[in-house]
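Start counting the sequence shown at 1083; every next residue gets the next number (my numbering).
Worth flagging that the hints you see were computed from the coordinates, not collected in a lab. Please note that a few of the clues may not be correct.
[What the hints assert, rightly or not] Straight-line C-alpha distance at most 27 Å; calculated DSS-like pairs for lysine-lysine:
# : residue 1 : residue 2
1 : Lys1225   : Lys1262
2 : Lys1192   : Lys1249
3 : Lys1093   : Lys1257
4 : Lys1262   : Lys1193
5 : Lys1225   : Lys1257
6 : Lys1184   : Lys1262
7 : Lys1249   : Lys1262
[Unchecked claim] Ranges of calculated distance between the beta carbons of each label pair, as one might list FRET restraints:
#  : residue 1 : residue 2 : range
8  : Lys1249   : Asp1160   : 32 to 38 Å
9  : Asn1173   : Val1251   : 29 to 35 Å
10 : Ala1089   : Thr1168   : 27 to 33 Å
11 : Phe1240   : Ala1183   : 16 to 22 Å
12 : Asp1191   : Ser1115   : 33 to 39 Å
13 : Ala1183   : Gly1094   : 32 to 38 Å
14 : Leu1241   : Gly1094   : 19 to 25 Å
15 : Gln1126   : Ala1183   : 25 to 31 Å
16 : Lys1225   : Pro1204   : 16 to 22 Å
17 : Val1247   : Ser1091   : 27 to 33 Å
18 : Arg1163   : Gln1236   : 29 to 35 Å
19 : Tyr1205   : Met1180   : 29 to 35 Å
20 : Lys1184   : His1234   : 23 to 29 Å
21 : Ala1220   : Thr1168   : 18 to 24 Å
A virtual CB, placed ideally from N, CA and C, is assigned to each residue, including glycine.
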Amino acid sequence: MTLRVIAGSHKGRLLKTPDGQKTRPTTDRVKESVFSMLGPTFEQIACLDLFAGSGSLGIEALSRGVERAAFVDSQSGDILRTNVETLGLSNRSQVLRMPYAKAIAYLKDKKESFDLVFADPPYQAGILEDSLRRLLDADLLAKDATIVAEMHAQTATFLLPGFRVAKEVIYGIVKIVIYKTQSDRLGE
């Protein structure tokens, strides 16, 4: 599958994707829709791309003006690192090739804070909810955080303490849920 950067400073650039059928990169159509829902303002924002795969979502955010991004993926770190380096984004990126629980603990130790989180885990039961609850418990989310969660369309949307479901959209077998705090800086 060929993915591209849709907008911003790296518009039109192609991204490498992991081989195999175990991965399902977010399609350009879904990515474009997600960024439309988030709005145009990304300056002074720190982003976490959890279960990053090729890094498509975090790289799109960097291209649109996000200040810095951390990418977490336990398996496709080489492709992710290649994409970040090829686009010249290494100075604004951190690539963590480790399981999400270990990465969250590491980021907590570093006292990181994120305004925007993309979470697109394998569709196995419980991984998404567990990862987001760990983020909350680790206090890694800024006061005005936005979480973009991708899940199977038939997965029940769950609530997160201190967040509201701002938007829920289904694209075929994919459901996108955007969680926001009440005072979020990103657009409605």
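Check your understanding: Honestly, which of those hints from before does the structure not fit?
Key -> 2, 10, 14, 16, 19, 21
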